[in-house]
Amino acid sequence: VTKRSKAFTLVEIVIAGAILIIIIGLATGLLLSARGSTQAIMPAFDLQTGTRKALLEVLQAVQESIDVLRPPMGCTLSYFVVRGKANQILLAYQAQDSAASLKAGIPLYVLYLVECDLDAPDQATQRRLIGNIKRLSFTTITPGVLQVHLDLFEEGRTYSLLTSVRCRNLHVETSL
Amino acid sequence: MRFSTAARGGNALVIVLGLVLLLAAEMCIVTTQSSGSSRQTMRSRAHLAALRLGDSVFSTTVARILSKPWSERWFLNAAVVETDVPLNEGTYSSFVETVPHPSRKMVELYVKSLADGATVFMVWRVEVVDDSLEMRAQTRVEVFTHMPASTGLPAPGGANPIRAEVDRLIAARASHEPSLDRFVSDLPGLPKLPDVARRLGITLQTPALDRSSPLDGSTPVEHATYLDLVRSGIPSGPPPVSAPSPGPSPGVFPPEATALAAQFPNPQDIQRAFTAALGASGMDPNGPDAARYYDQLDIALKEKEKADQADYTAAFDDSVSRALKVLDELADGADNAEKAGDTATMEACRKALELAKDYLAAVTDAYARSRGVPPPDPATFAPYQDATLQPIEAHYDTLLLGYANWWSQQSGLGQGAAHL
Numbered sequence: 001v002t003k004r005s006k007a008f009t010l011v012e013i014v015i016a017g018a019i020l021i022i023i024i025g026l027a028t029g030l031l032l033s034a035r036g037s038t039q040a041i042m043p044a045f046d047l048q049t050g051t052r053k054a055l056l057e058v059l060q061a062v063q064e065s066i067d068v069l070r071p072p073m074g075c076t077l078s079y080f081v082v083r084g085k086a087n088q089i090l091l092a093y094q095a096q097d098s099a100a101s102l103k104a105g106i107p108l109y110v111l112y113l114v115e116c117d118l119d120a121p122d123q124a125t126q127r128r129l130i131g132n133i134k135r136l137s138f139t140t141i142t143p144g145v146l147q148v149h150l151d152l153f154e155e156g157r158t159y160s161l162l163t164s165v166r167c168r169n170l171h172v173e174t175s176l
Numbered sequence: 001m002r003f004s005t006a007a008r009g010g011n012a013l014v015i016v017l018g019l020v021l022l023l024a025a026e027m028c029i030v031t032t033q034s035s036g037s038s039r040q041t042m043r044s045r046a047h048l049a050a051l052r053l054g055d056s057v058f059s060t061t062v063a064r065i066l067s068k069p070w071s072e073r074w075f076l077n078a079a080v081v082e083t084d085v086p087l088n089e090g091t092y093s094s095f096v097e098t099v100p101h102p103s104r105k106m107v108e109l110y111v112k113s114l115a116d117g118a119t120v121f122m123v124w125r126v127e128v129v130d131d132s133l134e135m136r137a138q139t140r141v142e143v144f145t146h147m148p149a150s151t152g153l154p155a156p157g158g159a160n161p162i163r164a165e166v167d168r169l170i171a172a173r174a175s176h177e178p179s180l181d182r183f184v185s186d187l188p189g190l191p192k193l194p195d196v197a198r199r200l201g202i203t204l205q206t207p208a209l210d211r212s213s214p215l216d217g218s219t220p221v222e223h224a225t226y227l228d229l230v231r232s233g234i235p236s237g238p239p240p241v242s243a244p245s246p247g248p249s250p251g252v253f254p255p256e257a258t259a260l261a262a263q264f265p266n267p268q269d270i271q272r273a274f275t276a277a278l279g280a281s282g283m284d285p286n287g288p289d290a291a292r293y294y295d296q297l298d299i300a301l302k303e304k305e306k307a308d309q310a311d312y313t314a315a316f317d318d319s320v321s322r323a324l325k326v327l328d329e330l331a332d333g334a335d336n337a338e339k340a341g342d343t344a345t346m347e348a349c350r351k352a353l354e355l356a357k358d359y360l361a362a363v364t365d366a367y368a369r370s371r372g373v374p375p376p377d378p379a380t381f382a383p384y385q386d387a388t389l390q391p392i393e394a395h396y397d398t399l400l401l402g403y404a405n406w407w408s409q410q411s412g413l414g415q416g417a418a419h420l
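Read top to bottom, the protein sequences are chains A and B. Each residue of the first sequence is one higher than the one before, starting from 1 at the first, in our numbering. Each residue of the second sequence is one higher than the one before, starting from 1 at the first, in our numbering.
Simulated from the structure, these hints should not be mistaken for laboratory data. Every residue gets a Cβ at the ideal spot worked out from N, C-alpha and C, and that includes glycine. Fair warning: there could be bad hints in the mix.
[Said to hold, decoys possible] Cβ pair distances, simulated, as ranges: (1) B:L133 to A:I41: 37 to 43 Å; (2) B:A174 to A:A40: 39 to 45 Å; (3) A:Y159 to B:G189: 52 to 58 Å; (4) A:Q39 to B:T41: 17 to 23 Å; (5) B:M42 to A:S37: 33 to 39 Å; (6) A:A44 to B:V14: 54 to 60 Å; (7) B:S67 to A:Y159: 25 to 31 Å; (8) A:R157 to B:A171: 47 to 53 Å; (9) A:A40 to B:M42: 17 to 23 Å; (10) A:Q39 to B:L22: 42 to 48 Å; (11) A:R128 to B:D116: 38 to 44 Å; (12) B:G189 to A:A40: 29 to 35 Å.
[Stated by the list, open to error] Computed far set for chain A versus chain B, every beta-carbon distance over 12 Å: (13) E154; (14) E155; (15) R157.
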């Protein structure tokens, strides 16, 4: 009995190699496709996710406040001033974002939130919250309800968010 | 034909296995990237669900407090804590106790809600005014605030650091009130954002945007909505009243138009000019022209804004005169219905008239204050100061607030606030 050789035949090697090439080709194509899709979506997704978080922060600040001081009731402005829960001032306003505007070719803005204790104005804090803003407006529906309309611009697309938030510390005198 | 090597260790199999492992790793990377996106979305959704759940618990608790006399409340003798109570698709823990007060009925309520992994901790101090005839005034939120989600509920009978925090908040509120009231009284004289910032002593990032978007007055007004408000009080249901729209409410900033704005009849023209200019500059952020074009754009937009304000100011007088015409028509409608013995129509017209008059007065007053001129002469409304309207004047603010609430519900987007 002749001992059987443990080596692979050339045909086996060639077939295995062909299968490997096909698998690697498919896998690489899939990976590149997935990466392409992810890269296309992620900036917009990150922007929306980040904006939602920042917007929640703004809405929570308004929610905890006592009343809306500006815009006057029934009016729309590009900024708002509210009386905070501890009678401090919260001012949200927009400033132009030159770098983003140049990139997009249209004016884009950044929302800043200022918290100011009038008894200690030098301790006011100012934070950048939301970027890539195409339009952001605030409308006071009642002294305690602020409507927020936000248009975000990213990669040639505009994303709109519209919501209303109520000041929960509002002192409403409803006795007739 | 045979192909053999000296070392026959099954290399092909090892290579295949290695590549399969590599493929699996790649798939894991792709899956992780995708699931990260999904996780972010789910987290936002869970946060909102937790907020809603907490609000539900608050409403339920307040309703339960009001359902029995104050002396029979379930937390009369000691704080009551509930933990991990299932509600909808989440759970909540709550803490409720009486806040000692010599004359007021005060309740401390904490709710920690958990939904889909998101936790929200909300704190209320509520005053119970159970002898009020007005349902909405039977509870009054003294303090509402969020606490960090990691905060634990106090044990019944033990120390309550959250109550101390709420007390501190109320004390801070009281101490800041005089300075804030002074600011609020100054606010009507601060027409622009930079004026507000100066008064607050803060420095704005530049260039700050200060654009007022006057409400769009192009939406037709459906005057039947006035009657919808009072419909519940009229057994037979009122007939519709047809009245013309008085048009948009005015902007609140002083008018000023310049020749530059006239070159750009609408904002799109400004935008196009700006984009073309940027294109000509090669869109180079470091280019010398870019900053200049931005300056020009700012100037153009500001001037356009001023022109818009001027237009709205010019439209204001017209708006008021048309509003007065609406008042006349409603008053005539009420008189005619009274003569005809149509009580339902008469009542509907009178109530619509009251609401319309209130809104007109509010708009003119706000406008006058924003421009630093005296409010309109009350004699303007003299023809409507009949016996029916006089009691309303005494509760002007309450009516206006109720009306605004109703209006926001009716219009959805608050656009109705632009119209009479």
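(request) Take a look at whether the Cβ-Cβ distance between A:R157 and B:A171 falls inside 47 to 53 Å. (result) Holds, since A:R157 and B:A171 (Cβ atoms, about 48 Å apart) stay within the stated range.
(request) Hint says 37 to 43 Å; check whether the CB-CB distance for B:L133 and A:I41 agrees. (result) Distance hint for B:L133, A:I41 is violated at roughly 56 Å.
(message) Does the beta carbon distance between B:M42 and A:S37 stay inside 33 to 39 Å, or does it fall outside?
(response) Violated - the Cβ-Cβ distance for B:M42 and A:S37, about 20 Å, lies outside 33 to 39 Å.
(message) Holds or violated: the 54 to 60 Å window for the beta-carbon distance between A:A44 and B:V14?
(response) violated (43 Å)
(request) Confirm or reject the statement that A:E154 sits farther than 12 Å, beta carbon to beta carbon, from all of chain B. (result) Holds: least Cβ distance 15 Å, greater than 12 Å.
(request) Take a look at whether the Cβ-Cβ distance between A:Q39 and B:L22 falls inside 42 to 48 Å. (result) violated (21 Å)
(request) Evaluate the given range 17 to 23 Å for the C-beta pair formed by A:Q39 and B:T41. (result) Once the Cβ atoms are compared, 18 Å apart, the range 17 to 23 Å for B:T41 and A:Q39 holds.
(request) Decide, holds or violated, for the assertion that all CB atoms of chain B are farther than 12 Å from the CB of A:R157. (result) At about 17 Å from chain B, A:R157 clears the 12 Å cut-off, so the statement holds.
(message) Range first: 17 to 23 Å. Now tell me if the beta carbons of A:A40 and B:M42 are that far apart.
(response) Taking Cβ atoms as reference, A:A40 and B:M42 lie about 21 Å apart, which means the hint holds.
(message) I want to verify a distance hint. Is the separation of the beta carbons of A:R128 and B:D116 within 38 to 44 Å?
(response) With Cβ atoms ~30 Å apart, the hint is violated.
(request) Given the range 39 to 45 Å, decide if the beta-carbon distance of B:A174 to A:A40 lies inside it. (result) Once the Cβ atoms are compared, 54 Å apart, the range 39 to 45 Å for A:A40 and B:A174 is violated.
(request) Verify that the Cβ of A:E155 lies farther than 12 Å from every Cβ atom of chain B, and report whether the claim holds or is violated. (result) holds (16 Å)
Checked against the numbered hints given earlier, this structure breaks hints 1, 2, 3, 5, 6, 7, 10, 11, 12; the rest are met.
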